[in-house]
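Chains as they are written, first to last, in the numbering used here: chain A, 1097 to 1274; chain B, 500 to 947.
Everything labelled a hint here was simulated from the structure, so no lab data went into it. Here a beta-carbon is modelled for each residue, glycine too, at the ideal position from N, C-alpha and C. Watch out, some of these pointers could steer you wrong.
Calculated cross-link-like contacts (lysine to any residue; reagent style SDA-like; alpha-carbon spacing at most 20 Å) [what the hints assert, rightly or not]: (1) B:LYS643 <-> B:ASP632; (2) A:LYS1186 <-> B:LEU786; (3) B:LYS643 <-> B:GLU794; (4) A:LYS1143 <-> B:ASP764; (5) B:LYS767 <-> A:VAL1156.
Negatives, chain B to chain A, calculated, CB over 10 Å [stated by the list, open to error]: (6) GLY528; (7) ILE658; (8) GLU679; (9) ARG688; (10) SER721; (11) LYS767; (12) GLY811; (13) ASN834.
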Amino acid sequence: MATPTKWGIVAQFDSPAAIYQAAEKATAHGYTRVDAHTPFPVHGLDKALRQGPSPLGWLVVCCGLTGIVLAQLMMWWMNANDYVIWVSGKTPYAWPSTIPITFECMVLLSGIGAVFGMFALNRLPRLHHPIFAHSTFWRVTDDRFFLSVEAVDPKFDSKETARFLESIGGKHVEIVEG
Amino acid sequence: MTSAHSVAHNTAPSLQQLAPNVVARVRDGDLNLAQMVLLGLGVVLIGAAWATGGEHFYASYLVGYMGVLGICLGALFFTMLQHIVRAGWSVSVRRLAENMTATLPLMLLLFVPILVGFESIYSHWSHAQIDPDLPNFDAVVAGKSGWLNKTFFFVRVAIYFTIWIGLGTYFRRMSIKQDETGDPAISLRLSRLAAPGILLFALSITFAAFDWIMSIDPHWFSTIFGVTYFAGSFMAFLAFTILLAKWLGAKGYLREAITVEHYHDLGKLLFTFVVFWTYTNFSQYMLIWYANLPEETRWFADRAEGGWGAIGTILVFGHFFIPFAFLLSRHIKRNTITLCIGSAFLLLIHCFDMQFLILPSVASHEGAHGTAAHGAEHGEVAVAIENGLARFPHDLGTYLHGISWGDFGCFVGLLGLVAGFTLLNVRRSNLLPLRDPRLGESLHFQNI
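Just chain B, same shape as in the assembly (with noise of 0.2 Å):
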C-alpha cells in the first residue's frame, strides 16, 4: 500500500490502476450500424409477421414475447444474484445485464400488441360464459373470476412491469453512479435490496407466466409453472449474454475483461440450467403423468396432436439430451466458439419451448368449453404420447404444415430490438462498472 489514492478515500481502485488495456467505453459512433441494423431487422420482421399472420399474429408474437422478455427478466436476476452473493467473478460481465435490464421499458411498450390481441389471445377465459344462469356456463372459468377478469389482469401488466422496471434501473443507475464516485457503500446498499428484490421477482415471474401463458387454458393448472418458465428464461439469458459478449469481443471490447474464465463461468450456468428446466419440467409432467387426472392430462393431450408431439421429442432431446452431453465436457465450456454454438442452438431450442407451452393452448378448443368429460377422452391420447419416437416423422410433418414463419419471425424480431436497443444501451454506459469494489477481482478471476 504504497499510494494513497485507495486508502485514503476509501474508494475502489480506477480501471486505469487495475488493468490499463481494458477500454472502458464504445469508440463514438462505432457500432452503430449494427444496432440500426438489428433495430431495423426487429421492425421488419414484426411488421411482416402482422401484415401475413392475420389472426394467428398474436399468437405468434406472444411466443417471441415471452421468449424474449424471459431474457430481459434473466438480466434482470443475473444482476440481483450477484450482488446478492457478492459475487467477484462476474463483475466484468454485469454491465451487460444491466443494460439488458435497460429494455425493459421497452419490452412495455412491446406489450401493447398482446394488449391489442388480448381477446384472441385469452378467448378461453374473456369469453367463457361466468353466468350460472345461461347455457355454456363454465364453472371452472366463473370460480377462477376474480384473478382472471379484464381489469385485474391489465392492472397486473403494470404491476408487474413497475417492478421490473423499478428494479432494473434503480439497479443500473446505481452502478452507474459507482462509475463516477466509486463509493464501495454502493455495493452493499444494492446486496441489501437484492434480497426482497429477488423475493419480489420470483412472485411477479411466476405471476406473470401463469398469468400471460398459463392462463391461456384457463382450465389447466400447474404451481410449477412458474419455475419452468424461469428456468427456460434465464437459460435463454445466459445464451444470449454469450453471444454478446463474444461478439463485442470480436468488436474488440471487453476482450481482456471478460476471459476464457468467465466465458468457461458462464457456461457452467448454462450447463446448469440446461438441467434445471429439465428438472422442473419433467416433476411437472411425471406428477401429471402419475396422478393421471383429466382435468391435468388434457394440457398434455393438446401437445400430442397436431405435430406437437414432435416438439415435445425435440425438446427432450434438443433442450436436455444433446446440450447435457455437449456442455458436459469444461474443454467445451472453454472453448468460446464451441460454447457459441451451443448458446445459438439453446437460444433456438427455446423458441420451440415457447411454441410448445402457447401455441396448442391457443389452437386448443377445448380450452372455449373443456370439461372435466371433454378432458377424460384426452386421457387416453397421453398415453400416445409414449409412441412419440415412432411417431416423430409424421408428427413432425403435421407441425410444419401447420406452423406459421411468423412463429419463429417474432422471436427473431423481438430478439433483434431487444438487442439492438441493449447496444445502444451498451454504447451510452461504460462497458464494465469501473469502480466496483470486486472489478479487480474479475479481471483476475481464475477457475482452480
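In isolation and in its complexed conformation, chain A is listed as follows (with noise of 0.2 Å):
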C-alpha cells in the first residue's frame, strides 16, 4: 500500500455568510487552491473565491456549432447525394425543410455537452474523495459549510494553513490524506 499524502486542510464554518467572508480571507491571504463546500448556492460565493468564469459556455458552443454542421451534412448526403428522394414537389436539399432538425440536433448536442462537458469540468463521475474522510463532512449536504486548501497550494504549510483557518473562525479544522 502507498503510504497516504496530504490532499489538505478543511474547516467547518456555521453559516453561508461565515463561509462567505472564510473564502473571501482564504484567497485575500494569497491562497489559490480554495475551494468551498456548501449544502445549498451562497450567492457570490464563486467571487469570493475567485474563481475565474467557467470555460463551459465555449464547450457548449462548439458543440452546438458542431451540432448544426453534422445535420446539415447528414441531410444533404441523405436527400440530395446519396439517395435522392423528391418530396411534395421540393428540391431534394431544400433549406427550409432542414431547419427543424438542424436546430434539434444543435439543441441535443448543445445539451450533451452541457452535461458531459460539466462533469469532465468537474472530474466527475468518481466514487470517492479523500475530502470524505474530514470527521464532520457528512453535514455538508445538510447544514455545515467548509473551506477547503489543497496541499497543492504553492502557500499551502499544514502547520501555517491550519493555523490560518482557525484564526478566520474555522472548526474541526483537520489535516485530510489521500
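Using the hints, put the two standalone chains together into the complex.
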C-alpha cells in the first residue's frame, strides 16, 4: 500500500455568511487552491473564491455548431446525394425543410456538451474523494459549510494553513489525507 | 429579528430599512423638460406625417400604433408574469412596467385615427362584395362577415381595451396601494388574479392582432399570427424598458435599484424573445412554404414584391442572426452600454417588422378581389424569395423608393408620446414598489 499523502486542510463553518467571509479572507491571504462546499448555492461565493469564468459556455457553443454542421451534412448527404427523394415538389435539399432537424441536433449536442462537459470539468463521476475523510464533512449536505485548502497550493503549509483557518473562525480544522 | 416592526404587524420592511440610499421618488419638477420634449416630438411627428402623408398616413399610423401598442401590452404581460411566478428579482423593475401599462388609456385615445382611416386600411374587407347575387362576389369575405363586419369590429375594440385598461389599472393601483399599507395580502391577491389575467391577455392580444393586422388581407389566415405579434411586442417592450431604466439611471434614479444583475436578466429575456420571434415566424413560414397552397403563399408573394424581399432579408438577419450572436455573450448583457445599443437596434428592427406585416397587405390589390386563381400566379413568386440575397440591393432600392418617411415617423412619434406619458406616470408615483414583500430580494439580487 502506498503511503497516504496530504490532500489538504478542511475547516467547518456554521453559516453562509461565515463561509463567504472565510472564502474572501483565504483568497485575500494569497491562497489559490481554495474551494467551498455548501449544502446550497451561496450567492457571490464564486467571486469570493476568485474563481475565473467557466469555460463550459465555449464548450457548449462548439458542440452546438458541430450539431448544426453534422445535421446539415447528414441531410445533404442522405437527401440530395446518396439517395435522392423528391418530396412534394421540393428540391431534394431545400433549406427550410432542414431547419427543424438542424435546430434539434444543435440542441441535442449542446445539451450533451453541457452535461458531460460539466462532468468532465468537475472530474466526475468519481466514487471517492479524500475530503470525505473529514470527521464532520457528512453534514455538508445538511447544515454545515466547509472550506478546503489543497496541499498543491504554493502557499500551503500544514501548520501555518491550519492556524490561519482557525484564526478566521474555522472549526474542526483537520488535515485530510488521500 | 431584534426589531418588532415586521413581526408585530406582518408588513414588509420599508425602503429606508432595506436601502436608505435609493431615491423613492422623482424630485419635484425634475424630468419635466424631457417629458415635454418627448410629448412634443410625438405630436409634431404625427402631425407632420398626417399633413404630408395623404391617404397613406393611416397605414403609416397603423405601423407605428401596432409597434408601440405592443410595448404597452408587453408591459401588462410583464407585470402579470412577475406576479404569477412570484418573482423576486424583478420587483425593482416592475413599477416601470406598471407605469407603462398606465399609458393604455392614451392608446385607446390614439386609436381614433385608425377608426377615422378604417375604410382606407381595411378596405379589402369593408368594401368587399358579400352579396352572392352581385358581380365581384367575394365568397371568402362573405363567409367571414360574421366576424369581419364594421359593428363587431368596433365592439371588439371596446372589449380589448376594457380588458387591457382594466387589468393594467388594477395591477398598478393595488401595487401603489401597497406602497402605503405594506400589506403582503395584496401580493397574494395579485398573483392569484394574474392567472386569469394572463389568459384574458393571451386571447385579447391574439384577436387584436388578427383584427388590426391580419384582417388587412382578409383572405389570408395564420393561426400563429397572434403569437408572432406577441413575441415581437414583448421583445420591443424589453428593449424599451432597458433604455428607459438606463436613461433614468443616468438621471440619478433607480441606479442602486436596477443594477447590472437586473440588466443581465432583462438582457436574457430580450435574447429569449429574439429567438422566440424567430421560432414562431419560421414556424409560420415553413408550414406555408411546405404546404404550398396558393391561398396561403400569396401573403408571402406580396412580400416578395415592391422591394419587400429586402426587408424580409433585413428581418432574418436583423431580427435573428445579428442580435442572436450579439446578445449571446454574458459580457454584452452585463455591459449596459452594449445592451442599450442592442436594445435601440431591436426597436428599429421592430418598426421594420411592423412595416413588413402591414404595408404590403395595404398596398396589395389582391386582397380586394383575391381568388385562389390569383393566388396561384403568385405562388410562383414565393419561390423567388429564395433568391432574395442576390436581389437584395435592387429590392432595397425599390423599398426605399416606395417607403414614406411617415412609416418611420409615426413609430417614432408614437414612441415619443408613450415614453413621455410613461415619464409622467413615473414622476407621479414612487419609482419602485416600496413595500413589496420581495423588494429586499430584488435589491440584493445576484445572478449565480
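Results of checking the hints against the structure:
Restraint check for LYS643 of chain B and ASP632 of chain B: the C-alpha separation of about 17 Å stays at or below 20 Å, so the hint holds. Between the alpha carbons of LYS1186 of chain A and LEU786 of chain B the distance comes to roughly 13 Å, so the proposed pair stays at or under 20 Å and holds. Taking the CA atoms of LYS643 of chain B and GLU794 of chain B, the gap is near 15 Å; set against the 20 Å cutoff, the hint holds. Of the supplied pair hints, the one linking LYS1143 of chain A and ASP764 of chain B holds, its CA atoms being roughly 19 Å apart against a limit of 20 Å.
As the CA atoms of LYS767 of chain B and VAL1156 of chain A are separated by approximately 17 Å, the hinted pair is consistent with the 20 Å bound. Distance check for GLY528 of chain B against chain A: the nearest CB is about 39 Å away, which clears 10 Å, and the non-interface claim stands. Even its closest Cβ contact with chain A, about 37 Å, leaves ILE658 of chain B beyond 10 Å, as expected for a residue assigned away from the interface. No Cβ of chain A comes within 10 Å of the Cβ of GLU679 of chain B; the nearest lies about 31 Å off, and the non-interface call holds.
At roughly 30 Å, the least C-beta separation between ARG688 of chain B and chain A is larger than 10 Å, which holds for a residue marked as non-interface. No Cβ of chain A comes within 10 Å of the Cβ of SER721 of chain B; the nearest lies about 16 Å off, and the non-interface call holds. Non-interface call for LYS767 of chain B relative to chain A: holds, since the shortest CB-CB distance, roughly 13 Å, exceeds 10 Å. Look at GLY811 of chain B: its CB is around 13 Å from the nearest CB on chain A, clear of 10 Å, so calling it non-interface holds up.
No beta-carbon of chain A comes within 10 Å of the beta-carbon of ASN834 of chain B; the shortest separation is about 15 Å.
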